[in-house]
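Hey, can you work out the whole structure from these sequences and the hints?
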Amino acid sequence: MLRFILSAGAFLALSACATGMNVHECASADWASYGYEDGVAGAPPGLANDRAAACQRHGYGFDHAAYWAGRERGLSSFCAPSRGYRMGESGEPYLGQCASHGEADFLAAYDEGYELWTYASAVDAARYRLAVAEGRRDEARRILVALAAGGFEGDSPERTAERAAMAIQTERAMVDSEIPEATAALRIAESDLADYRARQDEAGRYAERY
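Take the sequence shown: its letters are residues -18 to -1, 1 to 192, numbered as in mature numbering (1 follows the signal peptide of the UniProt record, and there is no 0).
None of these hints come from the bench; they were simulated from the model.
Bear in mind that the values here come from a model prediction, so they are computed numbers and not experimental data.
Mixed in with the good hints, there may be bad ones.
What the hints assert, rightly or not - If you anchor each label on the Cβ, the simulated ranges turn out as follows:
hint: 1; residue 1: N4; residue 2: S173; range: 53 to 59 Å
hint: 2; residue 1: G73; residue 2: A180; range: 19 to 25 Å
hint: 3; residue 1: R141; residue 2: A166; range: 14 to 20 Å
hint: 4; residue 1: D106; residue 2: A86; range: 27 to 33 Å
hint: 5; residue 1: R181; residue 2: A131; range: 31 to 37 Å
hint: 6; residue 1: A176; residue 2: A147; range: 39 to 45 Å
hint: 7; residue 1: D183; residue 2: R39; range: 49 to 55 Å
hint: 8; residue 1: E54; residue 2: E7; range: 17 to 23 Å
hint: 9; residue 1: D183; residue 2: A113; range: 26 to 32 Å
hint: 10; residue 1: A166; residue 2: R124; range: 21 to 27 Å
hint: 11; residue 1: A155; residue 2: A86; range: 45 to 51 Å
C-beta atoms are modelled at their ideal positions from N, C-alpha and C, and glycine is treated no differently.
Below, the structure is given as structure tokens:
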């Protein structure tokens, strides 16, 4: 299973955003609507406690029954397989919100989308690695050109020789090893991504099935 779940600390950090309910919001709160909005957003269940605590500080109560009924309706929308696919495709973490709302179908779609994100991320990482290697090669060559043109002002002969040795070593390492390896890794990553997309096209993507 490819999905990942946030740690308890991150989970609590997400729920903390609800503590900003002000006195006017608490006074006019439609708790069923708040619950529905939180459910549709896939907000962690701890948000209910944060909302209740915030309004209690302002002297207002919290309608648990209305909130949770609304949240259940919202989760029914959030837990659609198409939403799971989009979450996985974007690398968004799954927090276990759909445990009682068709989680098996949701997770099947999420995992498919997340696998696509994994392949796409590997391509991005390989491209970055190649760009860094090419940048180091180009910088080494600029240093060698500068040294050939007279060196750097204030450098001692020893420092000039040290710069030259380091630049030559870096340029050779990039050309002989790092750039070819990064190029090969990029080709493999791109091929893997293309193969996975072809398999998805053949089976029919979740985004198109729902």
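*Where does the structure disagree with the numbered hints, that is, which hint numbers, in rising order?*
The structure breaks hints 3 and 5; every other hint is satisfied.
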